[in-house]
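Based on the sequences and whatever the hints tell you, model everything.
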Amino acid sequence: MELDFLATLLLSSLSSAAILLIATVGLAVMFGLMGVINLAHGEFIMFGAYATLFATQIGIPYPLAIIFATIVTAIFGGIVELLIIRRLYGRIFDTLLATWGLSLVLYQSAVLIFGTVTPGIGLPISNIQIGDYSLSVYLLFLILVAVVLIGSLYWLLTKTSYGITARAAIQDRETASAVGVESARINTMTFALGSGLAGFAGAILLPAIPATPNMGFAFVIKAFLAVVAAGPVTLTGTVAVGSTLGMVGNITASFWTSVVGDIVFFLLTITILRIFPLGISGRWRMKL
Amino acid sequence: MTNRLMPNFERVWSQNYKFVCLVMLALAISLVAVTQVRADDEIKVGSIFDLTGGLNIYGIQQSQALHLAVNNINDNGGVLGQQLQVVEYDAQSELAKFTQYTNTIILRDQIDVLFAGLTSSSREAMRPIVRKNNIPYFYSALYEGGACDKQTFITGASASQQMSVLIEWAIKEYGPKIYIMAPDYNFGTISAHWIDHYAKEYGGEVVGSDFLALTVTDYSPTIQKIQAAKPDFVAALPVGANQTGFLEQFAAAGLKEKMGIVSTNYGSGNQQVVVSPDAGEGIVASQEYFMWIDEPNNEPFKAKWEAAYSLDEPIISEAADVWNAVHIWAKAVEVAGTTDSDAVIAALESGISFDGPNGTVTMQPGSHHLKQNIYIVRGNRTHGFDVIQTFESVAPSFEDQVCDLIANPDTAEHFTPADL
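So the sequences go chain by chain: A and B. Each residue of the first sequence is one higher than the last, beginning at 10 in the working numbering. Each residue of the second sequence is one higher than the last, beginning at 39 in the working numbering.
Treat each hint with caution, since some may be false.
[Claimed, not checked] Here are the computed distance ranges between Cβ atoms for each label pair: (1) A:I139 with B:S431: 45 to 55 Å; (2) A:L97 with B:G116: 50 to 60 Å; (3) A:Q66 with B:P338: 31 to 41 Å; (4) B:S431 with A:L19: 45 to 55 Å; (5) A:T280 with B:R419: 42 to 52 Å; (6) A:L165 with B:T142: 48 to 58 Å; (7) A:F102 with B:A345: 42 to 52 Å.
[Said to hold, decoys possible] A short list of chain A residues far from chain B (calculated; beta carbon distances all over 12 Å): (8) G87; (9) I130; (10) F264; (11) I279.
These are calculated hints, taken from the structure and not from any lab test. The beta carbon of each residue, even a glycine, is placed where N, CA and C say it ideally should be.
This is how it looks when you write it as structure tokens:
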């Protein structure tokens, strides 16, 4: 096996892991901090992608369009929380049903508003050469994005007063309320944060994965598995599980086929859940 | 509850059964009479396409083309002096809905002809139902080829039809070594078989292949394998929106400067609109229709389409396939002088042709497939295509070879290249 092949394999598997993490982290925040399973997560990603597309079409440069999309999706998420999710706390199956319904509404709305095909924005055509192989610079850049994203999220949830109150509200709602934490407002903010992260994912992945009404479907299955296998220590757990699954899936797909890659991905998830029924972080003593 | 109700019901029944039977008989007779009257003054055209769900990138335009063709025929006096009436159902991109609505549309709506389906699986679900009820059925989409059934007529191009000209052209243009990227179901695997078949025929060689699920979004493993195999060109058959991302990632990795990329289905779902100019430029495709072809009937067709819908979204080949299908059927009904299925099928098997937007197309009597032009085009920077070469009246050679419904009218098969 040549060295250049192994080097590109390592980098491309890291970029696969980065894509999975970027697409998953919003779901991890919602599920981990609020216990809400958002079946419309994929459609929130799609929402972010279309928001970015809309922004670039009216002349906003792409980097600013990403920020625009993140904020718009976060605001949209906040509204969804106020109108729907708020009424269903503690009713997990009702939440599943409501968010699934929401995903159908969002999907069909996208078809009606944007049609079934919309011009994408395309990946920058720049690549690096390693021996016989070349790799897209943008996909490597996504590794950096994932690292910065996870780092700032960790900082936000452990060092800021919002993060501390958000975690307090989920650990012990009554005590938190007694000391003056307004848990309803905190929940709206957390849901908006999770939605904003989904919107960011749609925006940053848009060059590689064109915006279409059903794009969310491709992400949500693996994102869910990663979050469930991660367990209660949401953020660290998701990073550990997500990057492992993403890399292993990519490497097996590189040696055999993507079908084998998917089989290994699912088998690994099943194995993790068999050994750690509460998720891999079930006994960890970490905060997040 | 039941115990108390049953004797009661039985008593009513035994006392009044003659009356109840009479009422039911009267209802049945009037229903038959109503249907008869309705069937006499209009001809019913059935339509089942995916108007919602993931496949509506094809289904909406198929349905639009059907309505446009029916209106066009009605404006010119209808068929046999009668107006056509469309009965339409939305299959919602769900296979089960095709079976359900095909039964409904035949048994309840009593259609005279059916235009339906995009995926091969949907066609295979409907084929036995139209066969049992003896209703002419038109399938209008490019596909892997080989469907052979007395009631089924196919107006899209088959894989062998597109592939024979494309692979020969690409080997001459780029060189003999081919890598195949295809979706992991029968369209992809059978098409891959044809690539291999024609590669051998024209002195090429398949150096690798990757079959991908429709949910894959990250193509770095495939791109890695392509670079390891070092082909002269890639035969890519991306289906659905996610696989469009492959073209983007292929271009971004810088592979377009190193090798060619050809496809039989790129453009059929307007993928050239979604990909960026950098990724779309230079992709070579081959199909039976592109909006940019220069044919005498294409301009009037586009003008009608623009007046009815707009050309913001380019017209896809499946739309032209449906347009041709409706007109060929209408012509056959005129020849037969009746909508009676056996007579219409016989007329369709008389070597009927039609001047469509993609030139003259001819229904092959034996195989029920069209002999039609195949265009090789190259993607440009404006989300469109430039025609490189036109292959006139390409015969569906594989289907003509394995399927002869005149000699063997009872054939009901889906032939695969293994039958060769």
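Checked hints:
Between A:I139 and B:S431 the beta carbons are some 49 Å apart, a value that agrees with the proposed interval 45 to 55 Å. Taken as a hint, the range 50 to 60 Å holds for the pair A:L97 and B:G116, whose Cβ atoms sit roughly 55 Å apart. A C-beta distance of roughly 32 Å is found between A:Q66 and B:P338, which places it inside the suggested range of 31 to 41 Å. Under the hint 45 to 55 Å, the C-beta atoms of B:S431 and A:L19, about 53 Å apart, fit the expected range.
One distance hint, 42 to 52 Å for the beta-carbon pair A:T280 and B:R419, holds here, with the actual separation near 48 Å. Distance hint check for A:L165 and B:T142: the Cβ-Cβ separation is about 55 Å, which falls inside the suggested range of 48 to 58 Å. Taken as a hint, the range 42 to 52 Å holds for the pair A:F102 and B:A345, whose Cβ atoms sit roughly 50 Å apart. Distance check for A:G87 against chain B: the nearest CB is about 28 Å away, which clears 12 Å, and the non-interface claim stands.
The claim that A:I130 lies off the interface is violated: its Cβ sits roughly 6 Å from the closest Cβ of chain B, which falls inside the 12 Å cut-off. Non-interface status of A:F264 relative to chain B is broken: a Cβ of that chain comes within 12 Å, the nearest being about 8 Å off. Non-interface call for A:I279 relative to chain B: holds, since the shortest CB-CB distance, roughly 18 Å, exceeds 12 Å.
Consistency with the previously given hints fails for numbers 9, 10, ordered from lowest to highest.
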